[in-house]
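Once you have looked at the hints, place chain V on chain Y.
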Amino acid sequence: MAYPTAPLEVLGLWTGWLLMLMIYSYPLYKENIVFRWAEHTYIAVMLAVNLVMMVTNVNRIAIQPMLQGQIHYIIPIILGLAMYTLLVADYRWISRYPIAVLVGAGFGLGMRGVLIPNLLDQVVSTITPPAGGAAMDWFNFIYIAIGTICAVSYFLLTYEHTGALRYPTRLGRWFIMIGLGAYFGNTVLFRLSMLSGRAQFFLQVLKIIPM
Amino acid sequence: MSEVYKRELVYLVTAVITVIMFVEYFFLGTWQLAETLRTYATIIANIALGLGAITLVVSHAKKIQRRAAGVWAFSAWLLIFLAISFLSGLAGWAMTGSGQGNPMYDWFFRYVYTPLGQTLYPITGFYIFSACYRAFRARNIDAALLLIAGCFVILTNAPVGGAIWGGFPIIGRWFLDYGQVPGMRTFLIVGAFGMLAYGFRALLGRERGFYGEVAGGE
Numbered sequence: 003m004a005y006p007t008a009p010l011e012v013l014g015l016w017t018g019w020l021l022m023l024m025i026y027s028y029p030l031y032k033e034n035i036v037f038r039w040a041e042h043t044y045i046a047v048m049l050a051v052n053l054v055m056m057v058t059n060v061n062r063i064a065i066q067p068m069l070q071g072q073i074h075y076i077i078p079i080i081l082g083l084a085m086y087t088l089l090v091a092d093y094r095w096i097s098r099y100p101i102a103v104l105v106g107a108g109f110g111l112g113m114r115g116v117l118i119p120n121l122l123d124q125v126v127s128t129i130t131p132p133a134g135g136a137a138m139d140w141f142n143f144i145y146i147a148i149g150t151i152c153a154v155s156y157f158l159l160t161y162e163h164t165g166a167l168r169y170p171t172r173l174g175r176w177f178i179m180i181g182l183g184a185y186f187g188n189t190v191l192f193r194l195s196m197l198s199g200r201a202q203f204f205l206q207v208l209k210i211i212p213m
Numbered sequence: 005m006s007e008v009y010k011r012e013l014v015y016l017v018t019a020v021i022t023v024i025m026f027v028e029y030f031f032l033g034t035w036q037l038a039e040t041l042r043t044y045a046t047i048i049a050n051i052a053l054g055l056g057a058i059t060l061v062v063s064h065a066k067k068i069q070r071r072a073a074g075v076w077a078f079s080a081w082l083l084i085f086l087a088i089s090f091l092s093g094l095a096g097w098a099m100t101g102s103g104q105g106n107p108m109y110d111w112f113f114r115y116v117y118t119p120l121g122q123t124l125y126p127i128t129g130f131y132i133f134s135a136c137y138r139a140f141r142a143r144n145i146d147a148a149l150l151l152i153a154g155c156f157v158i159l160t161n162a163p164v165g166g167a168i169w170g171g172f173p174i175i176g177r178w179f180l181d182y183g184q185v186p187g188m189r190t191f192l193i194v195g196a197f198g199m200l201a202y203g204f205r206a207l208l209g210r211e212r213g214f215y216g217e218v219a220g221g222e
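Taken in order, these protein sequences are the chains called Y and V.
At position 126 of the first sequence the residue is numbered 128 (this note's numbering), and the sequence of numbers has no breaks.
At position 142 of the second sequence the residue is numbered 146 (this note's numbering), and the sequence of numbers has no breaks.
For reference, chain V alone in the conformation it holds in the complex:
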């Protein structure tokens, strides 16, 4: 019996909700039930975020408890700053109904979160040159084609390309408008087939990794 509600019923719930989404799209246009289920999924996903927070707090608390060399002080700072910024945001929300209601939280958001986000994402810019060097070595025809297309696109988008030779933007524009289309279109098509195959496996209960069964869940 336990197998029924621990496994089979779970697969059935997945399959039924997937089918409801299909029925809405292909037969009904809009369906209140499907809309409600999507809202439910959004709420669940939001609440589940707390699980990540708990895991992170427990992981860092363990490091502090163990006095892990060279790590625990950072973990302590993380937990302290997390508590300060979260509580200030919560206070702002309690006062105004929006996270952006507390001056301290606003300051953290504007002068810590935003600049750090803007800084961390382009950090890969430092490594892109070495990636260019490795990718753009014409060792065979494949790499040579990659090199040619990449160089033309770079010299098209960078103003210096047009200044060097007027043909760079014209040829580069062709690569952007037509040259890359077969490759990118193929990724869309095979990606769609992959998504359909994976989805049908999940629908039939053959794909079960995301339920935690592989990770040792009962």
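Extracted from the complex, chain Y is given alone in its bound form:
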């Protein structure tokens, strides 16, 4: 992408650059007026974008089909509007019905969604030995199998971690720590790469490096 030449695009680029500096004035200095101004600007524009998306979505998913004869779409519209009774103390109980639909659909999808990929597949992967693998494959298989069993035993919260459970749970905590360490290492690099993207943008706007 070349450096823009249209006045509005150049203005936009510099606006984004200035807003970035305003936001980073907080971690680099301390909370100040320009940071708070940029923060409130973000809240306003984010809410506006979401509201416009909401209007677009409701129109596309509910209102247009309803106008084309699928009259039953009036039900979710009424239920959605019933959410607003949360603002009126005497009629707040009405909002429980749309919440019930949301919670029912959410839990139904969530519960059925975790059964196979998060539970069965994970257990099967843990106990399936490598097919004629090399020594390293067997080492990794045993490491993962023992590690997973010990780490799961750490979450047996209804039993005190003493006696037979003492050493497996302690070992399990070490396996969890290794997992968290690797995860944290990935997170650190991900955040830093995003930050370096912003540093790149900073230099690009100043034309120090090409866009």
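Every clue listed holds true.
If you anchor each label on the Cβ, the simulated ranges turn out as follows:
1. Y:6 - V:208: 50 to 60 Å
2. V:99 - Y:35: 32 to 42 Å
3. Y:36 - V:107: 23 to 33 Å
4. Y:211 - V:198: 41 to 51 Å
5. Y:36 - V:6: 49 to 59 Å
6. V:110 - Y:20: 14 to 24 Å
7. Y:122 - V:69: 48 to 58 Å
Distance condition first, Cα-Cα at most 20 Å in a straight line; then the derived EDC-like pairs of lysine to aspartate or glutamate:
8. V:10 - Y:92
9. V:66 - Y:41
10. V:10 - V:211
11. Y:209 - Y:11
12. V:67 - Y:41
Hints in this document: simulated from the structure, not taken from any laboratory.
Don't be surprised by glycine CBs; every beta carbon is placed ideally from N, CA and C.
Then chain V, alone, in the frame of chain Y:
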């Protein structure tokens, strides 16, 4: 009687919809009723977003009304900019049927919303160093294992690691492919059990916090 439609019937609606989702998944494959209910939930969730907007507007309007020191001017700016950007987006939608139809809204989206979003998320990058310092102090075996795994992964993904010692990427790759698996797999398994337990409590009407009953709803 009021208890029936204010509480029991609500729990029943939750339970019936949850069961419909199960029946579809385990017995039918696809079921139009379940599909319709999911669409209903999407519509309700979209409409409910306006509730958050109202709460935010009321909260900031109160600050302006009270002339809250050091705050009200920001609240006023928020409401003004919210109105401008929302109305411009709405005008674009009215003209083209899509939010991206008004030049002013497009400009806000491209040069205010996008750069601010890209800026705010990596702000944690500034704090990750102090988090590293606190997390990566080898005070005991647990912290030492965290430190070792974290350092190897960082030195694997950062090009400098391979330049320092060729073994860093090999060992780091092992941590990524196998070393972290028991911990992460455990989180998936226990998380799934947690989700199932919480879901069944909701199904049976034992979990009621999200209906607002705890927050003082009648």
